[in-house]
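Novice: Chains as they are written, first to last, in my numbering: chain A, 40 to 520; chain B, 40 to 520.
Treat the hints loosely; a few may be bogus.
Pairs involving identical chains hold if they fit within one copy or between any two copies, as the list cannot separate such chains.
DSS-like cross-link-like pairs, simulated, lysine-lysine; straight-line CA separation at most 30 Å [stated by the list, open to error]:
id	residue 1	residue 2
1	K475	K345
2	K69	K275
3	K84	K354
4	K365	K99
5	K44	K140
6	K436	K275
7	K114	K417
Hints listed in this document are in silico derivations from the structure and should not be mistaken for laboratory results.
Chain residues, written in single-letter form:
2 protein chains.
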Amino acid sequence: MKNKKEENFNEWFNEVINENELVDDRYNVKGFIIYREWCAQSLKKMYNIYENALNEKDHKPLFMPIVIPEENFFKEAEHVQGFTPEVFWVTEHGDGEKLEKRLALRPTSETAFYQMYSLWIRSHNDLPYKRYQSGSVYRYETKATRPFLRGREFFWIETHCAYPNEKSAREHIQEDMETTKEVIGDIFGIPFIFFKRPRWDKFAGAVDTFAADTITSNGKFLQTATTHYLGTRFAKAFDVKYKTETGTDELAHLTCYGPGMTRIYGTIVAVHSDNKGLRLPFDIAPTQIVIVPILIKGKEEEVLKKATEILTNLKKAGYSVELDDKQKSPGEKFFMWEMKGVPIRIDIGPKDIENNQVAIFRRDLNTKEFVKETDLQKTIEKIETEFTKNLKSQAEKTFATQIVPVNSMVELEKVIKENKIGKAPFCSIDDDDGEKAAEEIKDKTGAEVRGADLVEKQKPNEKCIVSGKPATCYVYIGKSY
Amino acid sequence: MKNKKEENFNEWFNEVINENELVDDRYNVKGFIIYREWCAQSLKKMYNIYENALNEKDHKPLFMPIVIPEENFFKEAEHVQGFTPEVFWVTEHGDGEKLEKRLALRPTSETAFYQMYSLWIRSHNDLPYKRYQSGSVYRYETKATRPFLRGREFFWIETHCAYPNEKSAREHIQEDMETTKEVIGDIFGIPFIFFKRPRWDKFAGAVDTFAADTITSNGKFLQTATTHYLGTRFAKAFDVKYKTETGTDELAHLTCYGPGMTRIYGTIVAVHSDNKGLRLPFDIAPTQIVIVPILIKGKEEEVLKKATEILTNLKKAGYSVELDDKQKSPGEKFFMWEMKGVPIRIDIGPKDIENNQVAIFRRDLNTKEFVKETDLQKTIEKIETEFTKNLKSQAEKTFATQIVPVNSMVELEKVIKENKIGKAPFCSIDDDDGEKAAEEIKDKTGAEVRGADLVEKQKPNEKCIVSGKPATCYVYIGKSY
Numbered sequence: 040m041k042n043k044k045e046e047n048f049n050e051w052f053n054e055v056i057n058e059n060e061l062v063d064d065r066y067n068v069k070g071f072i073i074y075r076e077w078c079a080q081s082l083k084k085m086y087n088i089y090e091n092a093l094n095e096k097d098h099k100p101l102f103m104p105i106v107i108p109e110e111n112f113f114k115e116a117e118h119v120q121g122f123t124p125e126v127f128w129v130t131e132h133g134d135g136e137k138l139e140k141r142l143a144l145r146p147t148s149e150t151a152f153y154q155m156y157s158l159w160i161r162s163h164n165d166l167p168y169k170r171y172q173s174g175s176v177y178r179y180e181t182k183a184t185r186p187f188l189r190g191r192e193f194f195w196i197e198t199h200c201a202y203p204n205e206k207s208a209r210e211h212i213q214e215d216m217e218t219t220k221e222v223i224g225d226i227f228g229i230p231f232i233f234f235k236r237p238r239w240d241k242f243a244g245a246v247d248t249f250a251a252d253t254i255t256s257n258g259k260f261l262q263t264a265t266t267h268y269l270g271t272r273f274a275k276a277f278d279v280k281y282k283t284e285t286g287t288d289e290l291a292h293l294t295c296y297g298p299g300m301t302r303i304y305g306t307i308v309a310v311h312s313d314n315k316g317l318r319l320p321f322d323i324a325p326t327q328i329v330i331v332p333i334l335i336k337g338k339e340e341e342v343l344k345k346a347t348e349i350l351t352n353l354k355k356a357g358y359s360v361e362l363d364d365k366q367k368s369p370g371e372k373f374f375m376w377e378m379k380g381v382p383i384r385i386d387i388g389p390k391d392i393e394n395n396q397v398a399i400f401r402r403d404l405n406t407k408e409f410v411k412e413t414d415l416q417k418t419i420e421k422i423e424t425e426f427t428k429n430l431k432s433q434a435e436k437t438f439a440t441q442i443v444p445v446n447s448m449v450e451l452e453k454v455i456k457e458n459k460i461g462k463a464p465f466c467s468i469d470d471d472d473g474e475k476a477a478e479e480i481k482d483k484t485g486a487e488v489r490g491a492d493l494v495e496k497q498k499p500n501e502k503c504i505v506s507g508k509p510a511t512c513y514v515y516i517g518k519s520y
Numbered sequence: 040m041k042n043k044k045e046e047n048f049n050e051w052f053n054e055v056i057n058e059n060e061l062v063d064d065r066y067n068v069k070g071f072i073i074y075r076e077w078c079a080q081s082l083k084k085m086y087n088i089y090e091n092a093l094n095e096k097d098h099k100p101l102f103m104p105i106v107i108p109e110e111n112f113f114k115e116a117e118h119v120q121g122f123t124p125e126v127f128w129v130t131e132h133g134d135g136e137k138l139e140k141r142l143a144l145r146p147t148s149e150t151a152f153y154q155m156y157s158l159w160i161r162s163h164n165d166l167p168y169k170r171y172q173s174g175s176v177y178r179y180e181t182k183a184t185r186p187f188l189r190g191r192e193f194f195w196i197e198t199h200c201a202y203p204n205e206k207s208a209r210e211h212i213q214e215d216m217e218t219t220k221e222v223i224g225d226i227f228g229i230p231f232i233f234f235k236r237p238r239w240d241k242f243a244g245a246v247d248t249f250a251a252d253t254i255t256s257n258g259k260f261l262q263t264a265t266t267h268y269l270g271t272r273f274a275k276a277f278d279v280k281y282k283t284e285t286g287t288d289e290l291a292h293l294t295c296y297g298p299g300m301t302r303i304y305g306t307i308v309a310v311h312s313d314n315k316g317l318r319l320p321f322d323i324a325p326t327q328i329v330i331v332p333i334l335i336k337g338k339e340e341e342v343l344k345k346a347t348e349i350l351t352n353l354k355k356a357g358y359s360v361e362l363d364d365k366q367k368s369p370g371e372k373f374f375m376w377e378m379k380g381v382p383i384r385i386d387i388g389p390k391d392i393e394n395n396q397v398a399i400f401r402r403d404l405n406t407k408e409f410v411k412e413t414d415l416q417k418t419i420e421k422i423e424t425e426f427t428k429n430l431k432s433q434a435e436k437t438f439a440t441q442i443v444p445v446n447s448m449v450e451l452e453k454v455i456k457e458n459k460i461g462k463a464p465f466c467s468i469d470d471d472d473g474e475k476a477a478e479e480i481k482d483k484t485g486a487e488v489r490g491a492d493l494v495e496k497q498k499p500n501e502k503c504i505v506s507g508k509p510a511t512c513y514v515y516i517g518k519s520y
């Protein structure tokens, strides 16, 4: 790695991606890239983990069409306004014959799901109605694209749930946040804050938008997942009603949740990787353990036999293991597997066999230790439980240092100039005054009011750093990917 | 079920699909349907099983873009001729602004993969190069659509492999056939024949096409997967070359393989289901075992406790189990779960508890037996190993009765009228005379020459039933879905 994470984050990020061939951006359609083998294997594991978490909470999968007819798309006014500029349209077939109607390549699928919910949901007995779909969505981004973080095609899961009333729907928002903590927080090891997004930065058509943002080591927000309370707006537009126990018809309250798999992968790269290259959370590494035999002339057979024995045992124990017996020096192999982010490396040579030991290199701590062969399995199990936790606690330290409490515009300007995130008491993220205050911040610092902290309440008598009015919340202010 | 499989196959097939809500065809884009919960859960299992089989054989996944620019699409002459009539084109974005170039919604991805192979494959050391992608493809079908069997969007896997020469590429075709046997044959329990397709019915751009066709109980072919030897045609068009050991540049020999997940699911419905409804192979059933407690007044608690205990134990053993404690009669529940195709049902009531037994209904044989509770796990394991084998052997019997050897056009016409498949000695599937003979068959019977049997060789001196020339192969002749 030529670039260092601390010195030039963007160059370093691109280098981790390029050296590991995670994507190929030479595909000849602007904004469309290929997710290559090493990355694709992890993406598949991430999908499985996320789908299992949703299944556990009684969501069921659907395979929905990728095209949405324009008449659906135009049904909810705010939604269409927000998304139309970004839509790709399918208009022709064959030798250029026009289709009867234009079809949107789905930028998100509310307008496909809810017309069906209108048919599928009949009674209060059908609620809650919890469904999800895994797939790709399409948005004609005009800003510069960046692998994983912004493109015209990305891979995600979207859930769409219907509840009988606001209370139960808002409880579901809490459930989505729990799922985010379990998967993105614990299994992928990413620290984040859940924000309520300002009124002027909500999902088009939502009543409220909540987002899990992490912060990179160069002080930028990175959104990983959002969950939206849609109220009854889409239900009205698509006639999603249910019969109550007393026989009346009521509109369903809808929610949707969108963890972005390719975006989360990019976040994993940004947050966990270091100056040696990629570091992958244990559960999503395509290869969790690599075995490197140290081949010394005359002892090759003995070493390979032992290495194969270890390989077989670890495979039996359920790990993804690889034996690297290629014709390269151990040094080259160490370099490559560390760069690729394999969590555990086992080195074994003739001396180790003599001493009934192996060397274990762990990528969470970048340390090497010798372990008795009889303790190998136990040690691996121990590292497995510690690995992602260690990645996370390292990331949490960085995360915490990026946030600086500020109490005035002067302080905020200084913090933003230093490429950090400012945390400030703020008048309101839900009214015109707040919107004006956020515009002022944007003009003076170039940074955005990202949203209100859901947990921490401001102290009494604190004033908004812009308007001087009584503060109603803490907001986080900074630049974002 | 109103219709019987034996009496009206098509009506029965639609009824199995509709009663189980496997799809919804009310989506408002022609030819695009929704694969619903019960079906979607199995599709996900089928994808996992297939991907694991490919991973085992050293294929690696990619996530490729869904759009292919028209300049790629037009590079291989036969391919473009075959596929252009079926392409959907993305031409606009936003408020109707034209894109710089038209983008095809991929109908298949040769022209996306191979331009990248030209960049990725450099040397003989890179070969074989084995990749796959799971996803959806788009074809503007003009024939009447039918759920699972013909639509404008379908879900499949496509593999694309590069080899140094014809011999190794053709060996890979054998490997694809092995994978088909392992997965479609054994895990999904579908009997099929591997045909070499006639020259006039090949994949557009292929040198040879091989297809795994099953035969439905109403005597029609149903294609489940195809594998194609592409020779060096696409390699020439996309400049896929490698450096040999002696330093010369050679064109790679390409193969592609396409098992269709939604089509195979339809095949499973068609082949395994019966007059009670769906029957699902054990490994892909969303619920493998359902427990129905027989609730008699005053004994509910005791029965539910025992049922929950069994549920917990079977879950621990790794099965997908459900306890159906809804407020419905046991009879209604039996009817529903049999219709949904759950492989095993366990009924337990107060009398069973007294006798330390449970009743086990198995959907492969449609029989019920009493089993000592201590033998439950062992019995389930036994049924698990037998279940899909039983489905398959039942299907094989039906399959065999659909094929009738014929030795003349008169015999063939009779067989086709009886809605069976004729098997006949034939001049050639690789020349003009054969094509003319196949046209004559089509004109006289309405049936197609589906392809040549790869295994059985004709007896000496046999003559083609159309041209009277020496036969070079046995072909199967019939109608198809």
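Novice: With reference to the structure, classify each hint as holding or not holding.
Specialist: Comparing the hints with the structure gives:
For the identical chains of this complex, K475 and K345 are neighbours neither inside a copy (69 Å) nor across copies (64 Å), given an alpha-carbon limit of 30 Å. In the homo-oligomer, the alpha carbons of K69 and K275 lie at most 30 Å apart only across protomers (25 Å), although the nearest pairing inside one protomer, at 37 Å, exceeds that limit. With identical chains, the CA atoms of K84 and K354 are at most 30 Å apart both within one copy (17 Å) and between copies (22 Å). In the homo-oligomer, the alpha carbons of K365 and K99 lie at most 30 Å apart only across protomers (19 Å), although the nearest pairing inside one protomer, at 44 Å, exceeds that limit.
For the identical chains of this complex, K44 and K140 are neighbours neither inside a copy (49 Å) nor across copies (38 Å), given an alpha-carbon limit of 30 Å. Proximity of K436 and K275 under a CA criterion of 30 Å is satisfied in neither setting, with 46 Å inside one chain copy and 54 Å between copies. Proximity of K114 and K417 under a CA criterion of 30 Å is satisfied in neither setting, with 58 Å inside one chain copy and 56 Å between copies.
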